[in-house]
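Chains as they are written, first to last, in this note's numbering: chain A, 57 to 572; chain B, 2 to 364; chain C, -11 to 307; chain D, 244 to 617.
Don't read these hints as lab results, they were simulated from the structure.
Cβ atoms here follow ideal geometry from the backbone N, Cα and C, with glycine treated the same way.
Among these hints, one or two may not hold up.
Some chain C residues close to chain D (C-beta under 7 Å, calculated; not the full set) [what the hints assert, rightly or not]: (1) ALA84; (2) GLY91; (3) PHE265; (4) ILE274; (5) THR277.
If you anchor each label on the Cβ, the simulated ranges turn out as follows [said to hold, decoys possible]: (6) C:VAL51 / B:ASN244: 26 to 32 Å; (7) A:LYS422 / D:LYS392: 49 to 55 Å; (8) C:GLY218 / D:TYR467: 34 to 40 Å; (9) D:LEU283 / C:ARG285: 54 to 60 Å; (10) D:THR424 / C:LEU259: 26 to 32 Å.
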Amino acid sequence: MAIEMLRMQNITKVYPNGFVANTDVSFSVDQGEIHALIGENGAGKTTLMKILFGMEDCQTGKIFIQGEESRFSSPLDAIAKGVGMVHQHFMLVPSLTVAENAVMGIEPLKNGIFDFEEAVRMTQAIADKYNFTIDVRAKIKDISVGRKQIVEILKVLIRGGKVLIMDEPTAVLTPQETDELFEQLKMLKEDGHSIIFISHKLEEVMRLCDRVTVLRRGKVVGSGDVSELDEVKLSRMMVGRDVILKIDKPLSEPDNILVEVKNLTHRSREGVLQLDNVTFNLRAGEVLGIAGVEGNGQSELCDVIAGISSYEGGSVSINGQTTMGMTVNQIRETGLAMIPEDRMKTGCSVDLSVKDNIMANRIFSKEFRKGLFLNRKKINTLVDRYIEKFQIACNNRNQLVRYLSGGNIQKVVVARELTSGANVIIANQPTRGIDVNTTEMIRKLLIEMTRENDMGVILVSADLNEILEVSDRLMVMWKGQIVAIFPQADEVDEETLGEYMLGLKRMPVEELEALI
Amino acid sequence: MKKAIRIFIFLIAAVLVLSCVACDKEPAKPSGEATGKKKITLVVQQLGDMAYNDDAWRGVEEVAKKYGYEAKALEVGADQSKYGSMILDVAEAGTDYILTATSIMDYAFEYAPRFPDIKFIAFDTTATVEVSDPNIACISYLQNEGSFLAGMAAAGASKTGVIACVGGVNTSPIIHDFIAGYVDGALYQNPDIKVLTAYSSVYGDAAQMKEIATAQANSGADVIFQIGGPGGLGVFQACMEKNIWAVGVDSDQRAVYKESENPELADVIMTSMLKKVGESLIWTFDKIEDGSMKWGEVVILGVAEDSTGIVEGDLYEANVPKEVRDNIEKAKEDIKNGTIKVKTYFEMTHEQFEEFIQDASKP
Amino acid sequence: MDLDWLVEFLFTIIRLSTPLIFAALGAVISRKAGVLNLALEGMMLVAALTGVVFSAITQSWIVGLLTAVLGSMLMATIISYCFLVIKTDLYLTCIATNMASIGGTVFVMFLLTGSKATTAEALRSMSIPRIDLPLIKDIPYIGDVLSGHNLLTYVSFAMVFFAWFLIYKTRIGLRMRAVGEAPEAVESVGISVPKIKYISFLLSGVFAGFGGAFMSMSYVTWFSRDMVAGRGFIGMSIMNIANASPVGSLGASFIFGGADATAKYLQLQNLPTDLVFMVPYAVTIIALTVISIVRIRREDRIVHGKSLRRKKATEKAAE
Amino acid sequence: MIKKFLNNDKMSQARRVEIAFEVVRVIVAILLAYALALALLLIFSDDPAGTVRQFIIGPFTNLRRVGNIIEQAIPLMFTGLCMCFMYSVNEFNLAGEGAFIMGGCITSWIALSIPGGIIPSFLMIILLFLIAGMVGVAVASVPAVLKAKLNVNEIVSSLMMNKIMYYLSSFILFYYMRDTTIAMGGSWRLPNELKLPILIPRTNVHLGLILALIAVAVTVIVFYRTPFGGAIRIVGSNRFFAEYTGINVNKNLIAAQIVGGFLAGLGGCIEIFGMYTRYQWIIAAPTAGMDGILVAVLARRKPALIPVTALLLAYIRTGADVVNLSTEVPAEFIQVIQAIVILLVAAQMFLAKTRNKIIYKQAQDDLAKEEQPA
């Protein structure tokens, strides 16, 4: 019989703004198990974990660690009891080294002074123990996303953490990195650690976890051993109905060229070559998927096309107009819209209302003006229509975006960009970290737009499923170059794609040219 | 907007409620009525300037003691837009005399006709100011005359041929007038003297004035005249460190510091230029009491009236050569009888003034 | 003669820079923890007064210096309480405390001495001694520039090193830098961010306390109304010019002290006073501008495309 | 009224509780500050209760004092609005103070330089307003442009700018418009026909009040009803987002600060021609710029609340003046109390625990209601 490691009982949490995040939630984790906590965005998973980790307090409920009732008023208490958390957004200080980040809070001292060498030694010891390969003297800003995740785990282990909370750890990882992470997690499990694994990706849950608890709207709607459940059952629990994970799409009929990118070259502010001689076309009526391990130039490509970043060589033309020297707004006026990668940072303003956010890209348009002023009536009707059409769950159009859930925030972004009248849409990670329902809706919308309105979509995604599912044509980027083009996305399998993505294989230049 | 209005209404309501709570006592009656004493209200920007405001308050307190008046000082602060209503407040609250410093003079003039029973006395004005109402009197000090003598003494005592003065701030015409007289006097005593002039950028910044005085001393100045209220202390300290002489201002500063907790500062003050603001107020009330006060005029006080001048103490005697002292005595007479007309800032443009002091700083 | 003048001038620069170094370090240490301390002015003012009062009572400059620092730390505590616990706007808190300390110091001085101008008449406070550096003082010229300063001047140089050491070599420094850069990261490991901010503010108070003590116990030996006269704000500007580096602040303090000393000597040349007074401030703006241009140039040199595009864009705009 | 307000269906329950609580909180904060003042006064004042009473009700005891509140609030409104614009794009540009001083200085100089009668006074005053605004624009744009183009810290450059403007105004005053017959640093008397008319007899409440309220209204409209306002709010709330949606960040950043500078400059001109007989801000520079920050922060950066907070600040200050006038308490003590009042009013977490409890209870009730029919 497994030993119960921790139990949360009857947790209820109300935020100061009145939002009820958890209602009477109970769940438990055994020693040496990986327990999945799944649910849509806004279901209360993260809040629950923050309570467990002492970052939030709750109004009612109890927490037991190894049978002993514990009350955490700060993460320090939680850490002392052996609970550690790996956050969804990395909690690392970029300019400090791996070792310094790892020992933050339990810094070794020598004569009252921080002992950096001891910190390095401590970190290295833990890394060696669990077979993590990492340069502990490197600065966080210089290492890859996958390594950063390792640092986060090191942070927990170095404190002697027994319970590891992983909040959507795979969202930012490549398939290979994910595999590596899962191996390491399994090793930790063998070592007697308990892991709480938060995810949207049912496939991963099935692969990795022992037990699963499903949350919906702040309540527990089911739990059980993974071996007794399947993906369909789980997704039904999560959303309350069956989700069609396969999208039926009509055949694409590529038409005239909308975007023409030729020999595009771009360097970062630090002088690193990020786009290396990129050439491709986007045609009307197709979704062009761009696959690649994050950080291989996909985001830079989007930013350069949209005019956020400049380019030093080559050319970009949208609807026949070359964009050299144009401002972002001028480029948008040529018929471009973009769903940015990070909805919180660049996709919306959380301190403004739904209405302001939807109007952001057309605020200077004559269409919505009455004399000098904004035509409020027209704007209000329009915004209300979009709220309805895109099923944005909000109190009213004046509610601040801050109070919406992640999925609904993304809906606001999508509503704004898809209705801007553009015929070229760049969608950079359009469904990252949002619930299944919204994901499905956005994917469908993107396909629909190309088929019905003769638009072209450039889709960048870390989610291979999404890329394969939605794209008509597919490109792979590696180190700022295009290394493969597949005219038929549905004929590619994940394994092949992975090899291109990791730079193990690349198509010869002639072959690529022929495919452009 | 609705929210704003609501908050405001609540605020007012709260204040009213609170005031009722606090209203347990009858409001105190103006004490003047109860005691039957005459009231003097001194309206100044701020006490603690160690210059004419403080001196005036000293004088007013003296008057109050001497004639059994009741005295109150009102500090109106720096916001000049409030002065008018402050004067009105004072006048309406009932007082017999309102004494104002020069910066508040405009408002006294404006409201004087409305309060014929109240006498307004504005001190430290210019000699040329026009007085129209019979309940106003202005007192103007010829600080340039006193400074003239200080300049002569400084030039006479200087061994290096370089003397200096530090203005407390460069935005006060009165301070400019001090300097005009000082430079004029120095040149009168010794046409070859070099007079360095500098100002502090913040009134009362002793550290800055010390820095300036030190710089002047480094440039060879061996007598420094300070015209800077509390900042002048910095000049004294600089002089102490550099072992040179300082000239005090407004009152006998050597006597003041002799009595203070820091008597060593007194030992660098060779002499002080006197303005006697406080005493002039006492004289004024002497005249009022004996009925000889003339209203509706500007009272001009200078060397002739012995209101401005210099302290002739032991250090003065010891360090200013005899012939210079004689010369000063003669100059006093000449100023009285009008033979010497001391330069005044109020008859120059600022450009002329700058030119004048610039010429004096050249060797 | 000329060389003597130069020696005096350099000596003046060092003296003028001392309070600015303290103020700048105060700004640096709080900036590292992500807090902009606009209240240095008030802190220094309170320190200046407490130093004078307690040194006068105990007749010991050491006690005076310590109490000055304590006074400033008390201010830091009050400000920290306001903006960390009851969550007032930081800038508003600082402005309000500056206001309160200008009034409050005069008020306390009035209660103690009966004067609203200075404590010089009523209190005999102690001054911090001057130090002659052995050996160095015998070097011609250099000795005259470097030796014979107030103890606190040397302390200020030591403080630069101390601040650097504190920020880059100690645990609390590590945590402060982390808080300034990624507060959520620090919070996630159970370190209280407000506590770190509070500590950095207290340290800022310590530096400001020394600065205030220098004003009233070294520069001059009494307290007078509003005697800090904007030096706190200048310290903040210096921190900005130096990009929050302690050593850089030392250099920037000298630039500012130099501009100030130059202005003093320019006045002796009888240029229009108002224009001379502008010199240190104009120098600051120009220094900031030049530093920024250099920085941008350097980046542009790396990213040729950027300058190319910017040029084209301006050309286009010109048409 | 409160009940009706609490039952307003348009708002969520939590929001309603929040607003009602906010009102209570401000009142309690003020009361607490006064209580603190009372406690402190006990130490050295003979009549602490009387002093506090004067502080609280003094400003309402006669018409002129009420007038004083309004008069003082006028420049505060302008500089508060100026700071609203600066804050709207998240810039801490403090050049409002320099703009205010220069707005007053330059227009006084012009009014004194142009002989009367050449331009009709009505036209002249409008011209002066425009010039003052443009002067403010010039002052505020220096830190704004330096920040936008060269990333020069705007707090530092604007503080330095203010100092430079102060000395420049002193230079202009002494060289070009000094009244040689007065003993203080002041210009010649400003032409009478250019004085702004008084609105309320027996006070100095002048036309500036109406102009200030118009400025508030215009600001509110600009903020919420025009494309420009929308753009600066987007830029201010999230610069990256603005860039991604094609809004010209730098242009709007500078534009917002320029508008702020315009208002501050205009405020300076209106203050001079409304309240003063000469230009004389050299003895002590007005602190309207810094006060503008207080007003804007207290108003939570919302232009519609600016008149309220400007009046609140003016009320506190008038109370201080009354105390200074009628009691022996030194003026400096009042400065301390004033700071305490401001801090407590601005404290967001003050009584927050109580508020959260109420909201939690409310949410529980809501939850119960929701579950009942199910």
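For each hint, the structure was consulted:
| no. | hint | verdict |
| --- | --- | --- |
| 1 | ALA84 | 4 Å, holds |
| 2 | GLY91 | 3 Å, holds |
| 3 | PHE265 | 5 Å, holds |
| 4 | ILE274 | 10 Å, violated |
| 5 | THR277 | 6 Å, holds |
| 6 | C:VAL51 / B:ASN244: 26 to 32 Å | 30 Å, holds |
| 7 | A:LYS422 / D:LYS392: 49 to 55 Å | 30 Å, violated |
| 8 | C:GLY218 / D:TYR467: 34 to 40 Å | 38 Å, holds |
| 9 | D:LEU283 / C:ARG285: 54 to 60 Å | 56 Å, holds |
| 10 | D:THR424 / C:LEU259: 26 to 32 Å | 28 Å, holds |
Figure legend: structure checked against the earlier numbered hints; hints not met, in rising order: 4 and 7.
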